[in-house]
Amino acid sequence: MMEIRNDDENTNLLRSVDWFTIILYLIMVVAGAVSIYAATYDYDKASMFDLSEFSGKQFLWAGLSFLIGFSLLLIDRRIYEAYAYPLYGFMILLLIVTIFVAPDIKGSRSWLVFGPVSLQPAEFAKTATALALAKLFSTYGFQLNGWRNYAIAIGIILLPILCIILEKETGSALVYTSLIFVLYREGMSGFVLFAALMAVVYFVVVLKFAAITFMGIPLGMVIAFILVMGLIVGMLLVYCRSWILGRNVLLGYALAGAIAGGLTLAGVHVNGYAFFLPVIILSLIYLLWGMLHDDLKKVLITICFAAASLVFMFTVSFAFNKVLEPHQQTRIKVTLGIEQDLRGAGYNVNQSKIAIGSGGIMGKGFLQGTQTKLKYVPEQHTDFIYCTIGEEKGFVGSVAVLLLFLAMILRIITLAERNHSTFARVYAYCVASILIFHVAVNIGMVIGLCPVIGIPLPFFSYGGSSLWGFTFLLFILLRIDADRQAYGSW
Amino acid sequence: MRKDYNLEKRKYVIGGFIVAIVIVYIIRLVQLQVLDNTYKAHADNNAFMEKVIYPSRGLIYDRNGNLVVYNTPEYDLVMIPKDVTPFDTIDFCNTLQISRAEFDHRWEEMKKGRNYSAFTQQVFMNHLTPEDYGRLQEKIFRFPGFYVVQRILRQYNYHVAANVLGDIREVNARDIENDDYYRPGDYTGDLGIEKSYETWLRGIKGKEILIRDATGKIKGRYNEGADDVSPVSGNNLKLSIDIELQAYGEMLMQGKVGAIVCIEPKTGEILALVSSPTYDPSLLMGKERGKNYSDLVNNRLKPLYDRSIMAAYPPGSTFKPTQGLIFLEEGIITTSTVFPCHRGYINAGLRVGCHGHGSPIPLKPALQTSCNAYFCWGFKYMMDKRSKYGSTGKAFEIWKNHMVSMGYGYKLGIDMPGESRGFIPNTAFYDKIYGKGKWVGQTIISDAIGQGEILATPLQIANLSATIANRGYYITPHVVKNIEGVGVLKKNLERHDTDIDKRYYNDIVEGMRMAVLGGTCTRANIPGLDVCGKTGTAQNPHGRDHSVFMGFAPMNDPKIAVCVYVENAGFGAAFGVPIGALMIQRYLRGNSPGLQAQGRAMASRHTISYPKPKKTTSSGNQAANHKKSTDKPVTNNDGNQE
Numbered sequence: 008m009m010e011i012r013n014d015d016e017n018t019n020l021l022r023s024v025d026w027f028t029i030i031l032y033l034i035m036v037v038a039g040a041v042s043i044y045a046a047t048y049d050y051d052k053a054s055m056f057d058l059s060e061f062s063g064k065q066f067l068w069a070g071l072s073f074l075i076g077f078s079l080l081l082i083d084r085r086i087y088e089a090y091a092y093p094l095y096g097f098m099i100l101l102l103i104v105t106i107f108v109a110p111d112i113k114g115s116r117s118w119l120v121f122g123p124v125s126l127q128p129a130e131f132a133k134t135a136t137a138l139a140l141a142k143l144f145s146t147y148g149f150q151l152n153g154w155r156n157y158a159i160a161i162g163i164i165l166l167p168i169l170c171i172i173l174e175k176e177t178g179s180a181l182v183y184t185s186l187i188f189v190l191y192r193e194g195m196s197g198f199v200l201f202a203a204l205m206a207v208v209y210f211v212v213v214l215k216f217a218a219i220t221f222m223g224i225p226l227g228m229v230i231a232f233i234l235v236m237g238l239i240v241g242m243l244l245v246y247c248r249s250w251i252l253g254r255n256v257l258l259g260y261a262l263a264g265a266i267a268g269g270l271t272l273a274g275v276h277v278n279g280y281a282f283f284l285p286v287i288i289l290s291l292i293y294l295l296w297g298m299l300h301d302d303l304k305k306v307l308i309t310i311c312f313a314a315a316s317l318v319f320m321f322t323v324s325f326a327f328n329k330v331l332e333p334h335q336q337t338r339i340k341v342t343l344g345i346e347q348d349l350r351g352a353g354y355n356v357n358q359s360k361i362a363i364g365s366g367g368i369m370g371k372g373f374l375q376g377t378q379t380k381l382k383y384v385p386e387q388h389t390d391f392i393y394c395t396i397g398e399e400k401g402f403v404g405s406v407a408v409l410l411l412f413l414a415m416i417l418r419i420i421t422l423a424e425r426n427h428s429t430f431a432r433v434y435a436y437c438v439a440s441i442l443i444f445h446v447a448v449n450i451g452m453v454i455g456l457c458p459v460i461g462i463p464l465p466f467f468s469y470g471g472s473s474l475w476g477f478t479f480l481l482f483i484l485l486r487i488d489a490d491r492q493a494y495g496s497w
Numbered sequence: 005m006r007k008d009y010n011l012e013k014r015k016y017v018i019g020g021f022i023v024a025i026v027i028v029y030i031i032r033l034v035q036l037q038v039l040d041n042t043y044k045a046h047a048d049n050n051a052f053m054e055k056v057i058y059p060s061r062g063l064i065y066d067r068n069g070n071l072v073v074y075n076t077p078e079y080d081l082v083m084i085p086k087d088v089t090p091f092d093t094i095d096f097c098n099t100l101q102i103s104r105a106e107f108d109h110r111w112e113e114m115k116k117g118r119n120y121s122a123f124t125q126q127v128f129m130n131h132l133t134p135e136d137y138g139r140l141q142e143k144i145f146r147f148p149g150f151y152v153v154q155r156i157l158r159q160y161n162y163h164v165a166a167n168v169l170g171d172i173r174e175v176n177a178r179d180i181e182n183d184d185y186y187r188p189g190d191y192t193g194d195l196g197i198e199k200s201y202e203t204w205l206r207g208i209k210g211k212e213i214l215i216r217d218a219t220g221k222i223k224g225r226y227n228e229g230a231d232d233v234s235p236v237s238g239n240n241l242k243l244s245i246d247i248e249l250q251a252y253g254e255m256l257m258q259g260k261v262g263a264i265v266c267i268e269p270k271t272g273e274i275l276a277l278v279s280s281p282t283y284d285p286s287l288l289m290g291k292e293r294g295k296n297y298s299d300l301v302n303n304r305l306k307p308l309y310d311r312s313i314m315a316a317y318p319p320g321s322t323f324k325p326t327q328g329l330i331f332l333e334e335g336i337i338t339t340s341t342v343f344p345c346h347r348g349y350i351n352a353g354l355r356v357g358c359h360g361h362g363s364p365i366p367l368k369p370a371l372q373t374s375c376n377a378y379f380c381w382g383f384k385y386m387m388d389k390r391s392k393y394g395s396t397g398k399a400f401e402i403w404k405n406h407m408v409s410m411g412y413g414y415k416l417g418i419d420m421p422g423e424s425r426g427f428i429p430n431t432a433f434y435d436k437i438y439g440k441g442k443w444v445g446q447t448i449i450s451d452a453i454g455q456g457e458i459l460a461t462p463l464q465i466a467n468l469s470a471t472i473a474n475r476g477y478y479i480t481p482h483v484v485k486n487i488e489g490v491g492v493l494k495k496n497l498e499r500h501d502t503d504i505d506k507r508y509y510n511d512i513v514e515g516m517r518m519a520v521l522g523g524t525c526t527r528a529n530i531p532g533l534d535v536c537g538k539t540g541t542a543q544n545p546h547g548r549d550h551s552v553f554m555g556f557a558p559m560n561d562p563k564i565a566v567c568v569y570v571e572n573a574g575f576g577a578a579f580g581v582p583i584g585a586l587m588i589q590r591y592l593r594g595n596s597p598g599l600q601a602q603g604r605a606m607a608s609r610h611t612i613s614y615p616k617p618k619k620t621t622s623s624g625n626q627a628a629n630h631k632k633s634t635d636k637p638v639t640n641n642d643g644n645q646e
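Residue numbers (our numbering), protein chains in the order written: chain A, 8 to 497; chain B, 5 to 646.
Same shape as in the complex, but just chain A:
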C-alpha cells in the first residue's frame, strides 16, 4: 500500500476526479428540477424557485445534494472500505425498523417521517448494499465459486430485497435484481443471464397469446413449445457443438411437423399438447442416450434447460394468477396489450403515451405541455417525469435524455474497468447496474414497453430521498475512482 500525499490532496483530487460524470450529473439534476417546474406548473402560479412548489423544493434538494456530493468527495475511500459492512448492517436494521414504524402512504410502509422531512431508507440501502458487495468481492482470496461464496453474495443482495418487499415497495426491491450484472461480471456463468432472458421471453409469449387458441391449446403455449424446440437444436449446435445430435433432433422435429401438418390437411384434429409434449420428450430421451457419445456435461445441461423450460411454461400461467397481486397482474396485462383498461390500470400509460406522442419532433415548448400540466398524467413530477420532457421537448429532448443516461452508464463502466482494485470495480458495476435498471424500467413504463413499476427516473424525478440516494451512490464512486492511482495495480 502507498501513502497518500496529504500536502497536495485537494489539487490532486480536482485533477483526478471524473469531471465528465460530474457534468452529466449537474446537467441532469438541473434539467430534472426544471422539468418538475414544468410538470407541476399551474397557470397563474408562482416562480420556479418558490419553496412551496415542487420545483422550488427540488432546487433545494439539488443544492443540498451538491453539498453532499462535494462532502463525499472529501471522504477518504478507506472509510467506505472499512465501514462497508457496519453501514450495510445499519441500513438493513433501518429497513426493518421502517417496516414497523413507517406510516401507511399509498399502501407502502417505506417512509420514515421526521417532522416535515420524510426519508425513504430503501433509496440509501442501494449504496450500502453496493459497498457491502464491493467489500465482499475485494476480500482477500474471495472468488465467485463454490456454493458458499455464491450464497453469501446472493444473500447480501436478497436481504434488502426481502426487507423492502415487506415494506410493500416491490418496485424498489426489484432494483436489486439488477446486481445480477455484477455477479456476471465477476464470474457467474453467462448461462444464468441467458436463462433469465429466456424466462422473460417465455413469460411474455405465454401470457400475451394466452387468449388465442391454436391446435386446441393456447397459441402462447404453441409458440413456447416451438421456442423450446428451437432452443434445444440451437444449444446442441452452438453450445454443445454437436452437429450430429443437432441434425438428428432437427430432422426428427421436421418429420413430426410434417406428419402433424399432413394429418391436419387430411382433416384430423391434432391437439397441441398431444403433439408437442411427446415429440419434445422423445427428443430429450434420445439426447440422454446421445450424451453417452458426446460431451456429457453440456448435453445434460441442454436437457435440463429444455426440461426446465417446459416446467416454467406450465407454471407461468399458474404463477401469474396465483402469485402476483391483482393490480400487478393488470399492469402486466396492460403492458402486454392483453387488456386495454384506459379508464383504470391502463389510464396512466395511455395518457403518458399521449403526452409523449403529442410532443412530436420538436416538442410543444417549455411550459406549453397540456397533458402534464393539466394533470392528465398522474405522478407527472415523480415516476412519470419523462412525459413532461417528451411533451415539451419532443423527440429531440427525449432522445437527448436517453443519450445522457447512456453516456453516464457507459462512462461508469469505463471507470469500473480502469480501476484496478476489485472494490472499485465491483462498486462501479453496482452503480451502473442500478442505473440501468432504473432507466430501462422507468422510461420503458412511460413509453409503454414495461409494466408500470413505481421507481423514479434517477436525477429527474421529484424527491429528496431519490436524488440524495443517487448522489451518494455516484459521488462515493467518484471519490473511489479519484483515488485509483493510489490503489493502482500491484
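Bear in mind the hints are in silico, worked out from the structure with no lab data behind them. Treat the hints with care, since some could be wrong.
With beta-carbon atoms standing in for the labels, derived distance ranges [what the hints assert, rightly or not]: (1) A/331 to B/134: 55 to 65 Å; (2) B/89 to A/162: 43 to 53 Å; (3) A/67 to B/75: 55 to 65 Å; (4) A/281 to B/187: 57 to 67 Å; (5) B/49 to A/223: 37 to 47 Å; (6) A/258 to B/34: 40 to 50 Å; (7) B/27 to A/314: 27 to 37 Å; (8) A/70 to B/231: 35 to 45 Å.
Backbone N, C-alpha and C fix where the C-beta goes; we use that ideal spot for every residue, glycine too.
Place chain B on chain A using the hints.
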C-alpha cells in the same frame, strides 16, 4: 488482486445491454413522436374544450320597419359524456322536473344518436324554461360534465305570415353531412324564408377555447383568448311584405281555402302572400314544436301547404288577357276583330258555354264580359293557321313560348322554398296524347280559357297582373326587400320583358278597366282608385268552381297587383273580386273602420264545411294581442275576431 482479462470482456455484454435498450427505446420514440400523429389530437382533445358561442339569428322586419320576428334566449342542457362522473340522479331529475323513466329514455336516445361521441358535446335536453334554467344553474356544479348552452328562440310580434316566415328546427343527420357549419343540436331554417335565407340569418358561430384539466375543471382560456372567435350575428332581413296588409288578407281568407298574392308591379316586391288555412308561426317553436308540427301535417286542410306558391290551379278566365296579347302579337286579331258568341263557342259539334251579351264582339268588350267564345275562336284560328305556322304543332309551340315569356310554366324564382312551376303543355305533350298531327286547335280549345291542362300558381296569376300593370315586363317576385349589410339580391332585381309588343298591353288594360267599370268585376270599382281587373271562375272536376280575381290599381300608375284564389267558392265575383277590392283599398288607402267592418264581414263568410273545431286561434289584425293556444294549432280562421 488478479485482473481476469477474460471476464473484462463481459463489460461489452453489460454495455451492449444498455445500448440495445436505448436503441429499442429510441425506435419506440420515433414511433410515438415522429410517425404517429394521432397523439397530438388526443392531447388537444383532452386539454381543449371548444365552447361554441351561438350568434344571434337575424331579425325580420316588414317593409315598413315593423319588427316581425325577434329572438329570446332559451337554454339547452348539454353534456360531454366522457366528463360525466356519477351524480345524484334523483336530485338531477327533481331539478329538471322530469321522471326517472324520462331521464333514462333521454339518455338512451342520446346514445343512439348517429353523431354520438363520448368526447363531444351532446344535447341532453332542449328548451329548458328560464325557471328550469334558474334551478339548474344553482346546482350544475353537482353534475360534472353537464353544461347549459344558451340558444335562441324565435318570437313573433305578429302571428301571421307563417307561410312566408317559416320556422327553424334542429338539424338532422343530412344537414350535418351537407354543411360543415352544423353540429348536432344546431338549428336551421325549415320552411319559408327561414330556410331560403338560412345562410344570411344564421350568422357565424363563435368559439371559445377553454383549458380543461384531468378532472374536467376549466382552468381558464387558452392563450388568453387570443384564438377565440367572436360570433357574428345573422343579417337582419327587411321583408317586402306589408305585415298589416298580410294580416288583413289572412283575416279575409278566414274560413276559406285559397290564396292572396299582392305584388308591387314596379319592383316585384310581394306585399302580401296569404295562404289559407294558415297557422300561428309561434306554434312551430319551443317545446311543443314536435307535437304541433305533426298536428299540422295531419290536418285535413294541409295548412303547411303554401297555396300561394305551391298550389297549381286552373287559372280560368284570368288567363284570357294572355290570350288577347298573343292573338294581337301574332296578328290573329286586331282590336277591331270581332267573333260571334251565341251563348258560347259552337263549332263542329263542340260547345263551350258563355253567358248573355252582345254578339259579335271585339276584344275589349270580350275581356269586359269574359266572353269564352271570343278567346276560343281566336285560339282556334291561331292553332289552325297553317299558312303562317305550317302546322298546329308549330303554332302551339309559338303560343307556349309566349306563355313562358309571361312567367307561366316555369318557376318564377320567388325567394322561398317549394314553389310550383304550374303547367303549360307543349306540342310534344299533346302529340303524345293524341298522336302527332292528330290534333287541331279545337282539340285543346279549353286551353284558351285557362282550363284544360293549364295550371298556374296564384303567384303566377298575380305576376301576370303585375306584368300587365307594367305593360309588358315583370321583376322576379320576392318577399325579402333587403338584407341588412348585404343589400338587395341581384336576382330580386331581374327584369323580365315578355315577347309581346308593349303597345298591345294598353288594349288589355282598357279591357280590364272596362270589366271593372261595367263588366264582371264591378264590385271592384272603387272611386278614385282606377282598378283594372279580371275575374275567373275556374272549373274544377272535384267540386264547386274556384273563385278567382286578378287585378291592379291604379290603372295608370299601378301600385299594387293582386290575385285572389278561393277554392270552391263559385263565381269570381262572389269571393275573388270583393276580397281583391278590399286588399287594394287596404293597401292604397290604409286602415279605416269601414274597411275593418267589411273585412270582418268577409271573414265570416265561410266556404269550408267541416265540423267546427273545438277551439281556434285568432289571426288577422288582432294578432298582436294573440294568446298562444296549443291544443288546436291550425287556425282555420273561424271568426273569433274580437
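Do the hints match the structure? See the list:
1. For residue 331 of chain A paired with residue 134 of chain B, a C-beta distance near 58 Å keeps the hint of 55 to 65 Å intact.
2. Hint check: residue 89 of chain B to residue 162 of chain A, Cβ distance near 50 Å, so the stated range 43 to 53 Å holds.
3. Look at residue 67 of chain A against residue 75 of chain B: about 59 Å separates their beta carbons, and that is inside 55 to 65 Å.
4. Distance hint check: the CB atoms of residue 281 of chain A and residue 187 of chain B are about 60 Å apart, consistent with the given range 57 to 67 Å.
5. Residue 49 of chain B and residue 223 of chain A have their C-beta atoms about 44 Å apart, which keeps the hinted 37 to 47 Å range intact.
6. Distance hint for residue 258 of chain A and residue 34 of chain B: a CB-CB separation of about 42 Å, consistent with the stated range 40 to 50 Å.
7. The hinted range of 27 to 37 Å is satisfied by residue 27 of chain B and residue 314 of chain A, whose Cβ atoms lie roughly 34 Å apart.
8. Taken as a hint, the range 35 to 45 Å holds for the pair residue 70 of chain A and residue 231 of chain B, whose Cβ atoms sit roughly 40 Å apart.
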